[in-house]
Amino acid sequence: MSTDLPARRHTAPGHDTAPGHDTAPGHDTAPGHDTAPGHDTASGHADRSGRPEPATPPIAFLGTGRMGGPMAANLARAGFDVRVWNRTADRATPLIATGAVVAASPADAVRGAGILITMLTDGPATEQAATGPDGFLAAAPGTVWVQMGTIGADWTARLARTAARSGVTFVDAPVSGSEGPARAGQLVVLASGPERRRTQLAPVFGALGRATVWLGPAGNGTMAKLVLNNWLVDLAETTAETLSFARRLGLDPGAIVDLLQSTPLGSPYAMQKAATMLTGDFTPAFALRDALKDAELAVQAAQASGTELALTQALLPRWRHAAERHADDDLAAVYTTA
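Using the working numbering, you'd call the opening residue of the sequence shown number 1 and step up by one each time.
FYI, nobody ran anything at the bench for these hints, they're computed from the structure.
For glycine and all other residues, C-beta sits at the position ideal for the given N, C-alpha and C.
Take these hints with a grain of salt, some might be off.
To be verified - Pair ranges (Cβ atoms, derived):
| id | residue 1 | residue 2 | range |
| --- | --- | --- | --- |
| 1 | 317 | 112 | 45 to 55 Å |
| 2 | 96 | 258 | 41 to 51 Å |
| 3 | 131 | 91 | 15 to 25 Å |
| 4 | 195 | 300 | 27 to 37 Å |
| 5 | 259 | 91 | 36 to 46 Å |
Starting from the given sequences, assemble the full structure and let the hints guide the process.
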């Protein structure tokens, strides 16, 4: 495993990279550095307008939802030539203001691109964009496909085989972090795939996150993402149960949070979620729908490896029940059913 810490952020003038957004457990957020107009960037030299002239072919970015939209925007602001596509077209339209071009189809987005990034909901949606009508694979020979959505181990392996048959290099690179870090360019990229592509992808990943961790062959990035998110959902469940337990015993849950924060037991992520649970403001940083999907993918991967995630399996029924009313709310909404 190797970790690439970007020497400097590829940030357009005036683009803030302030820390303080929700992150995955154990990840700090450090502010980036601005790139002044007229200075070189990894994607080229600045023209008279101050916008870097791309030295690499365009980037096709498919999937501009809650995570993908901010990521594509950061690439465009960093000076890359970005073409975006989304199944719901009006989710891509706002990116025109960042300099991105909206494509009519996945195939249209990828023609002439050197790098293709997919950040779609799940495996079936990603495969449809690849091989369905106007799919990108037919137009993508020689392209580097960077799959960044969380789609699980089975789908990652399946799409890697599909890419190989089409002459496309496949890089598995999901991200750790939620919408706040995505907007701030403070994600951690969990990259895996051919080592020869690291230099080519370094400036791209540098515009998206504060660090890139290379984990070996394609597929290992997804495995690491499932391990991290399994930890995350278990922390959230334990936090919800702890607050509910305290309340039912007649204790003030807020006092218990204060007590936990004064001890090594108070994980920063758990304490952040505890505060959200007690305020009842479930504005999504990480939607329950997506957290539940990732928990189910983790259980599936564990079963395929011959092991069992007893804690995660136990929380699934109640999380599914909570998702009936709170699917699009933050995962802290599981507290409502604890």
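Is the distance from the Cβ of residue 259 to the Cβ of residue 91 consistent with 36 to 46 Å? Between residue 259 and residue 91, where Cβ atoms are some 43 Å apart, the hint holds.
Can you tell me whether the CB distance of residue 96 to residue 258 sits inside 41 to 51 Å? 47 Å, holds
Does the hinted range 45 to 55 Å hold for residue 317 and residue 112 at CB? 48 Å, holds
Go ahead and decide if the range 27 to 37 Å is satisfied by the Cβ distance of residue 195 to residue 300. 29 Å, holds
Status of the given 15 to 25 Å range, CB of residue 91 versus CB of residue 131: Holds, at about 22 Å.
In the structure shown, no violation is registered for any of the earlier numbered hints.
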